[in-house]
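Chemist: Each protein sequence line maps, in turn, to chains H and C. So the first sequence is residues 334 to 561, counted in this note's numbering. So the second sequence is residues 11 to 83, counted in this note's numbering.
Accuracy of the hints is not assured; some may be wrong.
What the hints assert, rightly or not - Derived pair list, reagent style DSS-like, types lysine-lysine, alpha-carbon separation capped at 27 Å:
#1 C:Lys62 - H:Lys374
#2 C:Lys62 - H:Lys438
#3 H:Lys440 - H:Lys517
#4 H:Lys517 - H:Lys559
#5 H:Lys455 - H:Lys374
#6 H:Lys438 - C:Lys26
#7 H:Lys455 - H:Lys517
Read the hints as simulated data drawn from the structure, not as lab findings. A quick note: this is a predicted structure, and the numbers were derived from the prediction, not measured.
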Amino acid sequence: MSSQDASSTPIPSHPAESTPASLPRLGMAAPPFEAVTTHGKIRLEDFRGSWLVLFSHPADFTPVCTTEFIAFAGIASELRRRGVELLGLSIDSPTSHIAWALNIKEKFGIEIPFPIIADSNKEVATLYGMLSPGESKTETSRCVFVIDPDGIVRAMIYYPLTTGRNTDEILRLIDALQTTDKHKVATPANWKPGEKAIVPPPTTLEEAEARLRSGLECTDWYFCKKAL
Amino acid sequence: MACIGSQGELTESAHKMLSSLARPSTAEDVAERTSLPLFRVRAGLREMMEAKLVEMEQSLYRLTESGRSAGQS
Numbered sequence: 334m335s336s337q338d339a340s341s342t343p344i345p346s347h348p349a350e351s352t353p354a355s356l357p358r359l360g361m362a363a364p365p366f367e368a369v370t371t372h373g374k375i376r377l378e379d380f381r382g383s384w385l386v387l388f389s390h391p392a393d394f395t396p397v398c399t400t401e402f403i404a405f406a407g408i409a410s411e412l413r414r415r416g417v418e419l420l421g422l423s424i425d426s427p428t429s430h431i432a433w434a435l436n437i438k439e440k441f442g443i444e445i446p447f448p449i450i451a452d453s454n455k456e457v458a459t460l461y462g463m464l465s466p467g468e469s470k471t472e473t474s475r476c477v478f479v480i481d482p483d484g485i486v487r488a489m490i491y492y493p494l495t496t497g498r499n500t501d502e503i504l505r506l507i508d509a510l511q512t513t514d515k516h517k518v519a520t521p522a523n524w525k526p527g528e529k530a531i532v533p534p535p536t537t538l539e540e541a542e543a544r545l546r547s548g549l550e551c552t553d554w555y556f557c558k559k560a561l
Numbered sequence: 011m012a013c014i015g016s017q018g019e020l021t022e023s024a025h026k027m028l029s030s031l032a033r034p035s036t037a038e039d040v041a042e043r044t045s046l047p048l049f050r051v052r053a054g055l056r057e058m059m060e061a062k063l064v065e066m067e068q069s070l071y072r073l074t075e076s077g078r079s080a081g082q083s
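Chain H on its own, in the form it takes in the complex (with noise of 0.2 Å):
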């Protein structure tokens, strides 16, 4: 490249915007940051240990992430039973966030009993893909990143800025996560606590020859469940 070209690339005017939009991977180590939040500086790793929702909302004195951080702190104590914390987001400044969790107190009588990121730069909004272009360039989708106590992502769900989440829904994939951590099983479609789990399918035909004896409650050898 020639100093002529090197002069005529854009200089970004922060950080984030040099960094390319990503996607965490299932499976991989969560991208780790700092980031100014509503309970002092927060990082990543001081989660470790724990589980940890991190999630996305669009903006602050909007009325569908209202409904969302009351349905949010409505399962925080729930989610704490079961060693998860959790961490909101969105594009906006810490004196912001201040103000609308101060205002969700005054008008709904909600405290919100978790950290939020004041993330005016967009730093943490482009590590974690938050931004979908294509809907906003300004607003975080709605997104939710369940990092296990190792901080592997687990699992990642995204709506549309015109759809509040379903926080039961957040809570079932917790208890499905931790389920397949502890009994080694699957979980089928819709599976709710309690119910049987899916054994992992034999890998050998002896195993499978195996499993059609074994007790369990198969449908077929590569289909069998078991009450936990």
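Fit chain C to the supplied structure of chain H, relying on the hints for placement.
Modeler: Chain C only, in chain H's frame:
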């Protein structure tokens, strides 16, 4: 829940953490004694280390002289 306010004053959670450091402790011990979530304790102890109120050696946090004075005020 930052530990140090905008005017340099210690927050309630900072006082809790400093009080819990009467003897060198891990972040997990501090979280248990203060009933604060572990992530808040880690972030808070880091902030207080930057302010030289707390120091860490071999994963154990301990008060500095300044931290001892600040905790008593």
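Chemist: If a hint holds in the structure, say so; if it doesn't, say that too.
Modeler: Taking the hints in turn, this is what the structure says about them:
no.	hint	verdict
1	C:Lys62 - H:Lys374	17 Å, holds
2	C:Lys62 - H:Lys438	35 Å, violated
3	H:Lys440 - H:Lys517	45 Å, violated
4	H:Lys517 - H:Lys559	11 Å, holds
5	H:Lys455 - H:Lys374	16 Å, holds
6	H:Lys438 - C:Lys26	25 Å, holds
7	H:Lys455 - H:Lys517	38 Å, violated
The structure shown violates the earlier hints numbered 2, 3, 7.
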